[in-house]
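Trainee: Residue strings, one per chain:
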Amino acid sequence: MVRENPHLAEQAIIELIPTPRAAPSKEEVETSGMALCSGIPIYDSGNMIGIIYGGVLLNRSTEIVDTVRETVFQGETYGGRSIGTATIFLKDLRISTNVLTSEGERAIGTRVSKEVRDRVLMEGKRWTGRAFVVSDWYITAYEPIKDIFGKRVGILYTGVLEDKYVDMRRHMLSVYILITIAGMGVAVGIGFFLAHRIADPVRKLIQASKEVARGNLNPDIGPVSKSEIGLLQNTFSEMLNSLKERDIKQRAESEIKLLQSEKQASVGRLAAGVAHEINNPLTGVLTFTHMLLRKKDLDEEIKKDLQTIARETERVRKIVKGLLDFSRQTVLQEEPIDIDELIKSTIALVENQALVKGLELEYTPGKQLPMINGDKNQLQSVLLNIIMNAFDATQSGGKITIKTGLSLSSRKTERKGIELSITDTGCGIPQENLDKLFDPFFTTKEVGQGTGLGLAVSYGIVERHGGTIRVQSEVGKGSTFTIWLPLEEKVEA
Amino acid sequence: MKRKTKILVVDDDRIILESCQRILEAEGYGVKLVSNAEEAIDALESQYFDMMIMDVKMPRKDGVYLLEKIREKWPLDIWPELPILVMTGYPTPETIKILKEKGSRFFIPKPFTPDELLGCVQKVLKKEQKK
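These protein sequence lines map, in sequence, to chains W and G. Mapping the first sequence onto our numbering, position 347 (from 1) lands on 390, and the numbers just tick up by one. Mapping the second sequence onto our numbering, position 128 (from 1) lands on 584, and the numbers just tick up by one.
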């Protein structure tokens with residue numbers, strides 16, 4: 044080299060710089076060089092006359108390594124440093140490199156780490172992976188350089204600064220962490236919101252249900268939600284409304300019932316007083332009329348008049364008796380009654396009359412009805428009264444239908460009972476009369492035909508049995524009287 | 457000739473007394489009328505009666521009091537029982553029960569016709585004769 048160019052020899056001299064992780068070396072200076080050489084034979088008329096031989100000393104050359112950096116890594120930098128680096132090693136010594144030392148100079152003179160040297164130079168194998176190059180970690184590839192004789196004389200290295208990827212990874216990691224945290228935050232938020240949106244109305248509904256149970260039919264159920272909960276809320280509101288309606292209806296019913304009871308009681312007291320006072324003078328009238336009628340030599344005209352007095356006094360007596368029946372707080376002579384038997388015996392009493400009037404009388408008994416507790420005679424009088432009314436209301440050719448069956452009470456606690464309905468195809472009851480139907484002395488029959496006490500008495504009897512009487516009627520089509528009697532022992536309120 | 461059957465009638469209402477008198481006398485019964493319980497006791501003490509017809513509801517001392525008083529004065533183990541027909545205007549089962557407890561067995565509701573009253577009286581007397 045000195046021969047060729049003393050300058051080259053000088054260029055080739057490289058002082059070894061102590062490098063961490065490098066294999067220990069006794070030498071301190073490298074004086075040999077690595078050159079890229081080429082020889083071309085020269086021919087003259089087919090005869091080789093010489094060889095042109097040339098070489099480029101690689102020691103301290105920058106051209107190759109920098110070209111690699113520029114073409115492969117496009118000169119990209121990261122943190123002020125080139126991302127890509129390339130190095131040519133002579134044995135394990137960097138002779139041409141763009142890897143920089145911490146001082147920012149080309150790291151010529153530093154050496155490859157021992158592991159790389161052992162693997163690439165000694166074993167002749169390629170090294171790829173993470174490696175500590177001079178002062179930084181790189182992702183690297185080392186490959187042995189062989190001379191023309193196949194001897195491993197150096198290493199070619201390229202590396203990418205790991206920092207960029209580490210940072211990128213770190214960056215990605217933090218982005219992922221951030222996304223995860225943000226996602227969790229959003230999820231918690233949405234969860235909270237949804238839970239609030241669902242749980243809040245539900246909580247209010249539960250509260251409202253408790254209030255309803257306590258008797259408040261106007262609980263606050265909060266704003267109606269648009270979701271399925273809203274449906275639930277609406278259904279709840281509907282339920283409340285029907286509860287309210289039922290409540291109002293029940294109240295109205297019980298008011299009517301109370302009114303009816305009061306009316307009956309006061310009229311009853313009045314009737315009893317009047318009846319009692321009338322009985323004595325009535326006895327007098329009856330006595331003296333009948334005593335007069337006993338006389339043999341009576342003028343025919345006087346006899347007729349006396350008979351009229353006797354007949355009408357008899358009528359008064361009947362009315363008074365009806366009043367007493369009505370007003371009397373009779374103690375029920377209760378016994379177990381087979382409703383079916385009771386109806387059959389009642390029908391037997393009226394069958395002939397139905398036949399005479401040309402009415403069809405049909406009885407459809409309910410199946411396996413239990414016995415009820417009641418006063419047989421009084422209940423029969425109720426049945427007779429309603430059936431006779433039906434007879435009176437129905438024209439010849441009409442039909443009276445009696446039905447029985449099990450039924451729940453329509454009011455208050457739904458108690459089990461027996462329902463007995465008597466339907467006629469008669470003239471029906473006008474709406475304005477329905478309210479007065481059970482009033483004492485209310486009658487639509489001609490004078491002398493009815494006292495207006497029958498239904499009032501029936502009402503009292505059924506009520507004392509703990510039952511109810513209802514009427515449904517349509518003018519021109521007929522009426523249905525429905526008697527409901529409880530099955531269990533009467534529970535006194 | 458047979459002795460007249462004598463009947464004591466007790467009622468606070470004049471028209472009942474008059475009616476009973478009219479009906480019973482026409483049938484040949486001897487009738488004594490009194491208008492309260494005390495008078496009835498006096499009458500029973502002073503003379504013999506075959507039977508008594510009495511009202512329940514009377515001012516001051518009522519029919520129940522009269523029944524008790526009679527039992528007290530003429531205990532059944534010493535004296536023969538006086539047949540009593542009770543006139544009731546407003547016979548509730550409770551009233552009937554009390555009266556039965558006090559020893560009355562015959563009842564007639566007011567108002568009544570002559571035939572009804574006579575029917576009852578004859579029934580009562582017949583039952584007593586059978587004894």
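Be careful, since some hints might not be right.
[Claimed, not checked] SDA-like cross-link-like pairs, simulated, lysine to any residue; straight-line CA separation at most 20 angstroms:
1) 338(W) <-> 480(G)
2) 513(G) <-> 515(W)
3) 292(W) <-> 446(W)
4) 446(W) <-> 338(W)
5) 338(W) <-> 484(G)
Just so you know, the hints here were simulated from the structure itself, not pulled from any lab data. Every value quoted in this text rests on a predicted model; they were computed, and no experiment measured them.
Trainee: Taking the hints in turn, state whether each one holds.
Mentor: Tested hints:
1. 338(W) <-> 480(G): Holds, at about 16 angstroms.
2. 513(G) <-> 515(W): The given pair, whose Cα atoms are some 44 angstroms apart, is violated under the 20 angstroms limit.
3. 292(W) <-> 446(W): With a Cα-Cα distance of about 26 angstroms, the restraint between residue 292(W) and residue 446(W) is violated, given a limit of 20 angstroms.
4. 446(W) <-> 338(W): Violated, at roughly 54 angstroms.
5. 338(W) <-> 484(G): holds, 16 angstroms
Hints 2, 3, 4 from the list above are not met by this structure, while the remaining hints are.
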